[in-house]
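J.: The listed protein sequences derive, respectively, from chains A and G.
Read in our numbering, the first sequence has 50 at position 50, and its numbers run on one by one without any break.
Read in our numbering, the second sequence has 290 at position 290, and its numbers run on one by one without any break.
Calculated directly from the structure, the hints in this document are not laboratory data.
Here are the in silico distance ranges between beta carbons for each label pair:
| hint | chain 1 | residue 1 | chain 2 | residue 2 | range |
| --- | --- | --- | --- | --- | --- |
| 1 | G | GLN107 | A | VAL268 | 51 to 59 Å |
| 2 | G | LYS158 | A | LEU216 | 26 to 34 Å |
| 3 | A | SER101 | G | SER160 | 55 to 63 Å |
| 4 | A | LEU220 | G | ARG249 | 57 to 65 Å |
| 5 | G | PRO35 | A | VAL270 | 53 to 61 Å |
Quick caveat, the model's predicted, so the values are computed rather than measured.
Beta carbons are placed, not taken as given, at the ideal position from N, Cα and C, and that holds for glycine.
Here is how the chains run, residue by residue.
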Amino acid sequence: MYGRAGTERERHQVTSIVPAEAAGARTTAGSGSAAEGGTEDRTGGVAAPLAPRARLFPSLAAVYRAQLSRARVARIPLLFVATFQSVGIMILMRGVVDGGSEARAVVAGSSVLVVAFVALNLLAQYFGQLRAGGGLDHYATLPVPPAAVVLGAAGAYASFTVPGTIVTAVTGSVLFQLPMTHLWVLVAVIPLAGAALSGLGAALGLLAPRQELATLLGQLGMSAALLLGVLPAGRMPAPIGWARDLLPSTYGVEALSRSFDAHPDWAVVVLDLAVCAVVGVLSLAVATWAYRRAAVR
Amino acid sequence: MSTGTAQAQTATGTVCAVRDLVKTYPAARGRRGAPATPEVRATDGISLDVRRGEIFGLLGPNGAGKSTLVRQLTGLMRPDSGSVEMLGHDLVRHPERASRLIGYLGQESTALDELTVSLAAETTGRLRGLAVREARAARDAVLEELGLTDIAARPLKKLSGGQRRLACFAATLVGERPVLILDEPTTGMDPVARRAVWAAVDRRRAEHGTTVLLVTHNVIEAETVLDRVAVLERGKVIACDTPTGLKERVAGEVRVELVWRDRAPLDVPEVAVLRQSAQESGRRWVLRLGPDEARAAVAAVTGGAAFAALDDFTLATPSLEDVYLALGGDATQGLVKA
Numbered sequence: 001m002y003g004r005a006g007t008e009r010e011r012h013q014v015t016s017i018v019p020a021e022a023a024g025a026r027t028t029a030g031s032g033s034a035a036e037g038g039t040e041d042r043t044g045g046v047a048a049p050l051a052p053r054a055r056l057f058p059s060l061a062a063v064y065r066a067q068l069s070r071a072r073v074a075r076i077p078l079l080f081v082a083t084f085q086s087v088g089i090m091i092l093m094r095g096v097v098d099g100g101s102e103a104r105a106v107v108a109g110s111s112v113l114v115v116a117f118v119a120l121n122l123l124a125q126y127f128g129q130l131r132a133g134g135g136l137d138h139y140a141t142l143p144v145p146p147a148a149v150v151l152g153a154a155g156a157y158a159s160f161t162v163p164g165t166i167v168t169a170v171t172g173s174v175l176f177q178l179p180m181t182h183l184w185v186l187v188a189v190i191p192l193a194g195a196a197l198s199g200l201g202a203a204l205g206l207l208a209p210r211q212e213l214a215t216l217l218g219q220l221g222m223s224a225a226l227l228l229g230v231l232p233a234g235r236m237p238a239p240i241g242w243a244r245d246l247l248p249s250t251y252g253v254e255a256l257s258r259s260f261d262a263h264p265d266w267a268v269v270v271l272d273l274a275v276c277a278v279v280g281v282l283s284l285a286v287a288t289w290a291y292r293r294a295a296v297r
Numbered sequence: 001m002s003t004g005t006a007q008a009q010t011a012t013g014t015v016c017a018v019r020d021l022v023k024t025y026p027a028a029r030g031r032r033g034a035p036a037t038p039e040v041r042a043t044d045g046i047s048l049d050v051r052r053g054e055i056f057g058l059l060g061p062n063g064a065g066k067s068t069l070v071r072q073l074t075g076l077m078r079p080d081s082g083s084v085e086m087l088g089h090d091l092v093r094h095p096e097r098a099s100r101l102i103g104y105l106g107q108e109s110t111a112l113d114e115l116t117v118s119l120a121a122e123t124t125g126r127l128r129g130l131a132v133r134e135a136r137a138a139r140d141a142v143l144e145e146l147g148l149t150d151i152a153a154r155p156l157k158k159l160s161g162g163q164r165r166l167a168c169f170a171a172t173l174v175g176e177r178p179v180l181i182l183d184e185p186t187t188g189m190d191p192v193a194r195r196a197v198w199a200a201v202d203r204r205r206a207e208h209g210t211t212v213l214l215v216t217h218n219v220i221e222a223e224t225v226l227d228r229v230a231v232l233e234r235g236k237v238i239a240c241d242t243p244t245g246l247k248e249r250v251a252g253e254v255r256v257e258l259v260w261r262d263r264a265p266l267d268v269p270e271v272a273v274l275r276q277s278a279q280e281s282g283r284r285w286v287l288r289l290g291p292d293e294a295r296a297a298v299a300a301v302t303g304g305a306a307f308a309a310l311d312d313f314t315l316a317t318p319s320l321e322d323v324y325l326a327l328g329g330d331a332t333q334g335l336v337k338a
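Just chain G, same shape as in the assembly (with noise of 0.2 Å):
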């Protein structure tokens, strides 16, 4: 869904600069009813360069610490070492600069949630700054932008998880930031409210340059809408290019994924073999093969004896999922297609 337009027209400036940033939670010792927690890493010497314009993913599994590295991007937490620089602004040093610079939508909305949707629009806004008149008219604008005006009037708390998550977009929105930083922000919104997401952040990108950073554990929106994405893993950076960049990794891949009637036959010598290299999860398999290899796969299975006991079979180009695996990222089920 992002426009390639934007993407041509980006400059290649750094807008954000994060150096070996660093951040232990120390261990917690148990208390009745909550275990003791060893000491974690949240942040283990990320560094990430974010350019003007680009909209730049955060990919992983939850603990990754996209959260925290967010945190300490928007000023929320302190790094225990580690330098940001947020458009030649040091915001370990002066983390109150932040929300001058960055428009932040969080995954909580618990500040608004008594608020009417126009009332947490223009409040919000006016808390960026904005005069009483031009909050109105920001509001009015974002609302209209993003079809909100017909539920303006009604509280935050009574709409769906969709409607209050791009209520709250909204009111990110009011009060114009040179960078956005958005924490899952579609979670829970049907597609039409998705596309009035990214429309609006390619608008304020063709328009004003606008840098968005996103944090997303949703590999097919990371796949379609991010211009770079970095992987995160256990608090480390395991990987950052473009998701066509990072797909070339396992480029020589296909992805067959094989659904068996009941079981698998495994008396038929091919399948005996295949299941080798399968991961199975009931009756489905899935399984990373070289091209030759997947045309034997799909050959053997079609035909014969193997096919009678077969349900249904995909192939397809590795996704972001298949390089976030090949990478050694274990946590698969963090990941979300969707």
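Isolated chain A, as found in the complex (with noise of 0.2 Å):
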């Protein structure tokens, strides 16, 4: 919110380079502080047009773009690699559940631990080695809003884990008999999980002091996530089953869960994807913030 009329006055006044000459001979001379006509500029307002920045939606969607693209060059083997572990976890886990609750809750847990997988632990990694290796810097030269580089990766991060979501979705229902009829909530159940936990890996990623310790973070959100999201809450002990609670995946796993029933109970599943919702919000307000801070040192 800086300058804005500022700035605007700017655009109006100086139109060719010739004020800026006398501006700078200005400050040559050491005499720099007078203030005219009310600008913010110790110049006394004779600067320079700024160029316009980059608004937030064609911006957002520049970023999302691009990173979508890198998909093709980079992710695919990672993406194989999130279906496949959960694909298998759920063949393991058919030796253990035999129906009922617990093998929705498996079923439910393997799919949004594709979303864990890509947009809490890979992106947190991606943030993590942008910072380290200095590429934080490209953005923050450039006139883009810090929302729309996070959303935009946060977003295409989410996107790669539609397909793979998809598949272990229903390879799961096949391989438990579960009906198949309500699997659309997913369309609801991957952008609202994929906010919460892109968010949240994105937040780690920037706040993360070392690279290495962004990666671990990931690791350690996934894992939580693996564990606390497949496996039967019902036997849990008290304490983690707090911690479940906390998880925001947990909320994903419940709504999609849920939705295995005959008839589901579509308030209890709208609530729960409304906690995924606020939490994608909180968190990636968390992150913009972050991305700001590491932005600029």
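With the hints as a guide, bring the two chains together.
T.: If you want it as structure tokens, here you go:
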């Protein structure tokens, strides 16, 4: 919100380079303190026009598109890994749980695990790497809103999870003979759980003081989502149950798992998804703040 | 390679005025595997004036404070004290304005590595505030200008170091800015790519009066490209002039380089005397002498017994490297001649 009025004024006042030269000459002479016309520039408002800022949505779209294109170059093998891991877990758990609510929890947990793997773990690693490698300087020296960079990257990583999550949910439904009638709920689960987890991933990656720590936090977050999401909640001791309640992916798992009921309680599903949405908004806001902090040191 | 015409058009207005810029990195406590480092003054009272339309160089070895200064000019780092005035804008108070005045090419390409050359340029243009169509037109023009059209569809990661650098330079040019700050833009480039870079820079100077601030530790490039150069040493500007003006400071001297076959014939009295003023590195001696002394030295080593032991010798007018040494710079290995 800085100096918007001042900026507009500069744009109207100055079109040629001559005033800028005058300003320079005056500064060189060491008397750059005269403030004229109430502008905030010490040179008295004879500043050169600024190039326009990039607006939020166009730059968000540009970042999103660029991030999405990276999948072709770098991410495809990892997306397979995410899916294979989840399908493998379901095959293993088939020997342990025998239908009912536990089977639903396993399928829902494995599906959301794909989101956690990509959006939380990989995004935390990406931002950690970008920060450590000086890549944030590139964005920080462009007139782009911080939110566009964070939301664009988070959105792209959430999108990467779509095929894997759907494949896992369908495979799981077949394996455990669960009804696929309400699987359309994934349309809400993926973006909302994606927002919550990618926001968390981005914040961890940008806040971690070192790159290795960002990787570690991403891995830990994913492990938590794995253990607390896939294992049936009923068998957990109370403190671990509380930890489960704190993890945002849990609410995505719950929402998906309820949708396997013949007559799902939609109010509770909506409530679960609302939690994801709120966590998503908060964590993306934190990530945006962390980006600003990391970009200008 | 720099055109004289652009220099002639240079107006005298100051585009960037830096005053008493100070940045101190705090002392770091030692950790496991990392020894403690004392407090470092990375920029220690730097003052500069960069004029409109010139290519202004920052020359110095690694650790001289070039990158810290550039980070302060681009709004990436807040100085402890001092001021930066760019085209009438106070960039210490409003660091966010830097991105709307400056096109910056940093040393890292991490953010663009996995994009194709074409998408890297287009995305950067869009993030510089261009609409999709403008960004694509500017992208096509710049890639064509720099001869990158053939590799436009390849990801930066898969390119050689020089090509990747050129692609990053292309991204810097998409979306015109009155000031370009280029941090070692030609690192790893072959001569063709270098020429493309300087041609593109000169064109923008001639057409738009673009001002360029160039960070380099390459003395040959500095001599051929720069209009003026500030020599940095330990966070301070130890000299600031045109390359010719700087070289005039040591104009009375000639650089004599002698290479011996296996060792210097110290039994020849003239050679033994020369040794006192020589900088030795293995079989190679470098001397900076007055013209008469140089003539005498050459006569001595090219006649009689000494000549049999001589492998090669060169006489040259002093380079910026000699200037740097004469000014008291001590990190010769930090400057590159290539």
